[in-house]
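Protein chains in written order, with my numbering: chain U, 1 to 96; chain F, 1 to 96; chain P, 1 to 96; chain R, 1 to 96.
In short, the hints are calculated from the structure, not lab data. Don't take each hint at face value.
Below, computed lysine-lysine pairings styled on DSS-like, alpha-carbon distance capped at 25 Å [to be verified]:
1. F:96 with P:96
2. P:14 with F:7
3. P:7 with F:88
4. U:14 with R:88
5. F:14 with U:14
6. F:88 with P:88
7. F:14 with P:96
8. R:96 with P:88
9. P:96 with F:88
10. P:96 with R:96
11. F:96 with P:14
12. P:14 with F:88
13. P:14 with F:14
14. R:88 with U:88
15. R:7 with U:96
16. U:96 with F:96
17. P:88 with F:14
18. R:88 with U:96
19. P:14 with R:14
20. P:88 with U:96
21. P:96 with U:96
This structure is a prediction, so every number in the text was calculated from the model and none was measured.
4 protein chains.
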Amino acid sequence: MNSESQKRLTARVKRIAGQVTGIERMLAERRYCVDILNQIAAVRSALDALGVELLTRHLETCVLGHGSGSEHESAAPMSQEQLLAEVKTALGRFLK
Amino acid sequence: MNSESQKRLTARVKRIAGQVTGIERMLAERRYCVDILNQIAAVRSALDALGVELLTRHLETCVLGHGSGSEHESAAPMSQEQLLAEVKTALGRFLK
Amino acid sequence: MNSESQKRLTARVKRIAGQVTGIERMLAERRYCVDILNQIAAVRSALDALGVELLTRHLETCVLGHGSGSEHESAAPMSQEQLLAEVKTALGRFLK
Amino acid sequence: MNSESQKRLTARVKRIAGQVTGIERMLAERRYCVDILNQIAAVRSALDALGVELLTRHLETCVLGHGSGSEHESAAPMSQEQLLAEVKTALGRFLK
Numbered sequence: 001m002n003s004e005s006q007k008r009l010t011a012r013v014k015r016i017a018g019q020v021t022g023i024e025r026m027l028a029e030r031r032y033c034v035d036i037l038n039q040i041a042a043v044r045s046a047l048d049a050l051g052v053e054l055l056t057r058h059l060e061t062c063v064l065g066h067g068s069g070s071e072h073e074s075a076a077p078m079s080q081e082q083l084l085a086e087v088k089t090a091l092g093r094f095l096k
Numbered sequence: 001m002n003s004e005s006q007k008r009l010t011a012r013v014k015r016i017a018g019q020v021t022g023i024e025r026m027l028a029e030r031r032y033c034v035d036i037l038n039q040i041a042a043v044r045s046a047l048d049a050l051g052v053e054l055l056t057r058h059l060e061t062c063v064l065g066h067g068s069g070s071e072h073e074s075a076a077p078m079s080q081e082q083l084l085a086e087v088k089t090a091l092g093r094f095l096k
Numbered sequence: 001m002n003s004e005s006q007k008r009l010t011a012r013v014k015r016i017a018g019q020v021t022g023i024e025r026m027l028a029e030r031r032y033c034v035d036i037l038n039q040i041a042a043v044r045s046a047l048d049a050l051g052v053e054l055l056t057r058h059l060e061t062c063v064l065g066h067g068s069g070s071e072h073e074s075a076a077p078m079s080q081e082q083l084l085a086e087v088k089t090a091l092g093r094f095l096k
Numbered sequence: 001m002n003s004e005s006q007k008r009l010t011a012r013v014k015r016i017a018g019q020v021t022g023i024e025r026m027l028a029e030r031r032y033c034v035d036i037l038n039q040i041a042a043v044r045s046a047l048d049a050l051g052v053e054l055l056t057r058h059l060e061t062c063v064l065g066h067g068s069g070s071e072h073e074s075a076a077p078m079s080q081e082q083l084l085a086e087v088k089t090a091l092g093r094f095l096k
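All chains should be built: construct the whole structure from the sequences, respecting the hints.
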């Protein structure tokens, strides 16, 4: 994964951390449950977008880029078939 | 919502905040994408469990408990029909 | 659940059945995977909307309406606490 | 996509069609809402598994297999970058 991708992903995670802190504050302030639920749903969407972004980067650098040197050291010794099986498992964890 | 519920929900949110910090650290350490994806999926499950817990508390104290004094001040002026419509909207945000 | 709700829910399920048949046909015609994926995502949204609708009806007739005679015979012998625990479990199945 | 994959995917869709018919019957028989909700959650899981299977086949034959002749005619004129962008959009539809 190149530096630009990593910076963008890190910015996303920091935003999510801020949103989670927001939920904690809403609970402390005894805010209305439905408002807190909406905030939880927003964090969930942000996490999903992060997952999609990260998975796309993984496909690009580790699965398609396999053998080009762009792949992560964990992906290097795997076959493309093994990489696909791994992606399938990861997708299954999101969509279960 | 009583104090015990609030304490349990707050503990859940704190755990989620810790998990999000973990994702940030994994990105910084350039950990393998698939490992980060698994962590994202874990946070998503934890958020969903938090949402289910909070919604159940809301149903108990604000929808069923409507008129008993246990409801939140935002729920008090609403009719049960309006409260149900609101729950439906909140559910739709999670399951969209 | 009154007749009008049941009719509306049945109409939704029939539409979903038609969409699933559409997916079967797309596979037989060897249509482009991404087009089929979009159709699968559409059925998933329709199922979620059906679930939200049904759950809202359940809250209305069986949980809130408990003791009024509007509840289903399976809900009648349960306490409201048991009904809430059951709703929580059902929600957890959707949001897992 | 080879014939074996197509057969397996078609079998999955037929099973899902059967499950949807089951939901229709449960509504007609006025079965308990929570039982119907559980069946809807089961269909949703089956749809997700179908989506994961189909997406993995797509990655194999159209994205990784791009240029090998295994790809679908819709994928042939696209660049791998365009194919990845398309996968990202499709994933986003599932995880929204």
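Each hint tested on the structure:
1. F:96 with P:96: Holds. Residue 96 of chain F to residue 96 of chain P sits at ~14 Å (cutoff 25 Å).
2. P:14 with F:7: violated, 44 Å
3. P:7 with F:88: holds, 19 Å
4. U:14 with R:88: This hinted pair holds, its Cα atoms lying about 22 Å apart.
5. F:14 with U:14: holds, 15 Å
6. F:88 with P:88: The given pair, whose Cα atoms are some 15 Å apart, holds under the 25 Å limit.
7. F:14 with P:96: Between residue 14 of chain F and residue 96 of chain P the Cα gap is close to 20 Å, so the pair holds against 25 Å.
8. R:96 with P:88: holds, 22 Å
9. P:96 with F:88: holds, 19 Å
10. P:96 with R:96: It holds: about 15 Å lies between the C-alpha atoms, which stays within 25 Å.
11. F:96 with P:14: holds, 20 Å
12. P:14 with F:88: holds, 22 Å
13. P:14 with F:14: Measuring from Cα to Cα gives roughly 44 Å; hence the hint is violated.
14. R:88 with U:88: holds, 15 Å
15. R:7 with U:96: holds, 23 Å
16. U:96 with F:96: With a Cα-Cα distance of about 15 Å, the restraint between residue 96 of chain U and residue 96 of chain F holds, given a limit of 25 Å.
17. P:88 with F:14: Judged against 25 Å, a Cα distance of about 22 Å means the pair holds.
18. R:88 with U:96: holds, 18 Å
19. P:14 with R:14: holds, 15 Å
20. P:88 with U:96: Answer holds: residue 88 of chain P to residue 96 of chain U is near 18 Å, not above 25 Å.
21. P:96 with U:96: holds, 7 Å
Taken one by one, the earlier hints fail for this structure at numbers 2 and 13, listed in ascending order.
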